[in-house]
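Asker: I would like the entire structure built from these sequences, with the hints used as guidance.
There are 2 protein chains.
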Amino acid sequence: MLGGMQDWTFSVTHLIDHAAREHGNREIVTRWADGRITRTDWQSTRTDARKMVRALKRAGVARGDRVATLAMNHANHLVCWYGVTGVGAILHTINPRLFEDQLEYIANHAEDRILLYDAAFAPLVEKMKPRWTSIERYICLDDGEFDQWIADEEEGAWVPVDERDPCMLCYTSGTTGHPKGVLYEHRSTVIHALVALQPAIFDADPQSVMLPVVPMFHAASWGLPWAGAAAGIKFVFSAVNEPKVLCDLMREERVTHSAGVPTVWLGMFQHMDATGATLPDLRHAIIGGSAAPRFMIERLMRQGVNVAHAWGMTETSPIGTTGAKTPDWDSLTFDQQVGIKQMQGRAPFGVELRTVDLGDMRTVLPRDGQTAGALQIRGPWVIRRYFKAEEDALTPDGWFDTGDVGILHPDGTLQLTDRTKDVIKSGGEWISSVELENAAVGHPKVAEAAAIGVPHPKWDERPVLFVVPKDGETVQPDEILAYLDGKVAKWWLPDAIEMVDDIPHTATGKISKKDLRARYADYRLPA
Amino acid sequence: MLGGMQDWTFSVTHLIDHAAREHGNREIVTRWADGRITRTDWQSTRTDARKMVRALKRAGVARGDRVATLAMNHANHLVCWYGVTGVGAILHTINPRLFEDQLEYIANHAEDRILLYDAAFAPLVEKMKPRWTSIERYICLDDGEFDQWIADEEEGAWVPVDERDPCMLCYTSGTTGHPKGVLYEHRSTVIHALVALQPAIFDADPQSVMLPVVPMFHAASWGLPWAGAAAGIKFVFSAVNEPKVLCDLMREERVTHSAGVPTVWLGMFQHMDATGATLPDLRHAIIGGSAAPRFMIERLMRQGVNVAHAWGMTETSPIGTTGAKTPDWDSLTFDQQVGIKQMQGRAPFGVELRTVDLGDMRTVLPRDGQTAGALQIRGPWVIRRYFKAEEDALTPDGWFDTGDVGILHPDGTLQLTDRTKDVIKSGGEWISSVELENAAVGHPKVAEAAAIGVPHPKWDERPVLFVVPKDGETVQPDEILAYLDGKVAKWWLPDAIEMVDDIPHTATGKISKKDLRARYADYRLPA
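Those protein sequence lines, which keep their order, are chains Z and Y. Residues in the first sequence are numbered consecutively from 184, following this note's numbering. Residues in the second sequence are numbered consecutively from 184, following this note's numbering.
Derived by calculation from the structure, the hints in this document are not laboratory data. No incorrect hints appear here.
It does not matter which identical chain is meant; a pair holds if it fits inside one copy or across any two.
In the SDA-like style, the derived pairs of lysine to any residue whose C-alpha atoms are separated by at most 25 Å in a straight line are:
hint : residue 1 : residue 2
1    : Lys508    : Asp464
2    : Lys641    : Lys673
3    : Lys508    : Arg466
4    : Lys508    : Asn208
5    : Lys508    : Asn489
6    : Lys508    : Leu462
7    : Lys604    : Glu573
8    : Lys571    : Trp191
9    : Lys571    : Leu185
10   : Lys508    : Arg222
11   : Lys508    : Arg204
12   : Lys312    : Lys571
13   : Lys508    : Pro463
14   : Lys508    : Gly487
15   : Lys508    : Asp200
16   : Lys508    : Val488
17   : Lys571    : Asp190
18   : Lys693    : Arg602
19   : Lys508    : Gly207
20   : Lys234    : Glu535
Answerer: Here it is as structure tokens:
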């Protein structure tokens, strides 16, 4: 009666429809594991995805079913993203770096019906087959099997969905218990893609040439395969992450945008230093996954690259914050600018952040740039409930607790300081284990350092620092203590410093505080 | 049971909440009609909007009611945008340039309950009061009355809405019949705002300083008051549109972004040429409303300004297309680049365009860069039904016919050529009246030209061109004909050229083909 706007359902198929219609011959370049380079485009990607819809239907896959991939970044993986979601099924991207027990658990928990995998993972697939109970069919993505599977199909129509239907499933490997599945919806995914185009995040337009180093099996590849279609960007995929391959591709394909974790950038820097290679076209670098060291941000900025240092997690689709230039940017010194980019940036429209007291986990803390607290988030692309969970993963008042500890600055900039479970409680105050470690590894003889809290009769907990010296170096605890003095608050100084040969790591190479705590469960402070 | 993402309702109040929380002290600068310059910010804008919520409630305004403004661009008008929508009411922005009969019609048709107006329009308001039957209360926005009205109020809570609830009403003054109301929804408005941030459209980030010359009463000010909040930009408003005032403000406030119709840019160019003034900080210019002449685009581009030449209409919220750099941009000559920007650009994600045959209005035409057809559009921020209309304003298959004639190029670029009702049908083919006119005004002695179709026994219609010579010039029809030869297709050449003293115009200064046709209703082609 009143009037109004057209009905329109959020669906990821709109993204590929748009890319094929408006940017149809914009290239999708793949450098495969065997070194071949192939070129396709958005139009062909859509055609192949619609052929895949028909092939999936023929294989009995119905709306809501789970179809898994175990694959690196390449054009056929992109086809799977749109083919699986296009039939109304749920794309489950499996991280091949997970432990075998985790791989077994998640595929069975997801009840995956089909697995599409890279030849490189064939040995892993063979090993896991007896343990995977729901997978009916295995299709290799990069040896011709996949191409043949869809080759003779007609294009199938997209299966209509409701916008709150799930479209994608990613598991997080928590440090305790089984991995948990995060279920993205068509609506949340498309909103996230639209938000991500803005200059302060991916800065994506039809001129952009993006090489996403972040894998398509990790945190929805930061949403790039969806956002890229919305902007009509050219994608350059590499199925291997060797620095030489990445640098060559970036130069040859004139890559303007890239996205990856700090270790990827580190590897490329080393390659560039060793060979004199440059990245002349790069102008926008998104760094996330873990905190980027200062020299990395500085180096990219000096080369004229805009750095978007970002924070997010699988549970947040994943964009939580990104670092953009501030209004007063032009009046700042270069050092101040780097300092701003070293923090995790600000929340885009749609994301709300707050920090709460680490003690009661309830009192909302001020945005004063000083007080560290548990970081909580809410918004349209933030998790409500894990896959198949019995209850919501939210606080009673509707926020998701990230497990991160951070400081919010008055302008909303997020500065991460620790993980909630690693922070050390001393006399009712909180000591950041990460800041202690970062200070310690600045010592020229220190290779690695890890701080944990150990019980203390008076202070509840006190920090102990475990230090691995560099090869061939010897260093005394007192030397370290003297070095730390003045770099952290007096009362943060560790009660003991233990020189050790090694510190335990997780499968992905991070320090495992959980294993460290287990190893020193009986540790007692010197009297 | 399955899991998923958080519930989140599209509502324009999220926009102002975000701006106040994350960009609270980012300035809103106003240059008022009396010359004063004042400064407020997003935080204060939200506070005032919430006070206005309380004041509106006290005045009896309820969800769904219409509250009107008759005002230029300034901080208090911005407060109204968020205050009216924040109480769940519908913001009706009235265009003060409408004829009095139209002003009477739309306020009564909208059943506006309150009118907030600028002192400059007080005489108009006084004149209209007896004719406006539903308005209970008049509040002046810029003489202190508005400030006093909300001054003592507490902040009111936003009234919860459904996301498909209407939030805004804009009337279009069609050339026939009564103006028609376009009703924007919370959902369509927020999606439109998000889409508009991307580099190819407003290119908005927290560093942006935007002076929107496009009035807040015209086509939702191109969505800028909404999008600006989402990006946290600094706004610079001017309640007058004198070129000197605009140029001074742009320089003093270091404006980086501006948006306006071609005549505004023309006025500023003249001022700059006369005074030597420059706009050193301007880097992004959005031009829409009518086609920008080539020299305008060229001049801005030569100054290093990125031009986003856009097409849209009130019925499309209004963004339909914008001109961004193409993938092959860097390999083009400057002339080719200007040529691309002279067209109306490409559709962002969310917008679908097609052209259909002007004869049957049904056959979809190819995107061949040659065939002109009726331009039709669909998408989440495109009208379905006019306010209080009895039926949808769409084709049977769900598209909105824009009334424009255009050519779609293979890469999706839109090139507007005419209005559907002005195009001339000759022998089953179509002649663009606008292209004929544009060719004719290139003649050095021609001030203005207008082409209409007149009946023809064999060809159905044939073009007649009416030409106004420049002051003091005389020109013969044959001269014009010879000039046109080679500039348009042979069969487009007018069957007659009539030298006239004047051509009728609309209230906004455009050529009125409707009045021209009426004036020459009895015109017959020479035998």
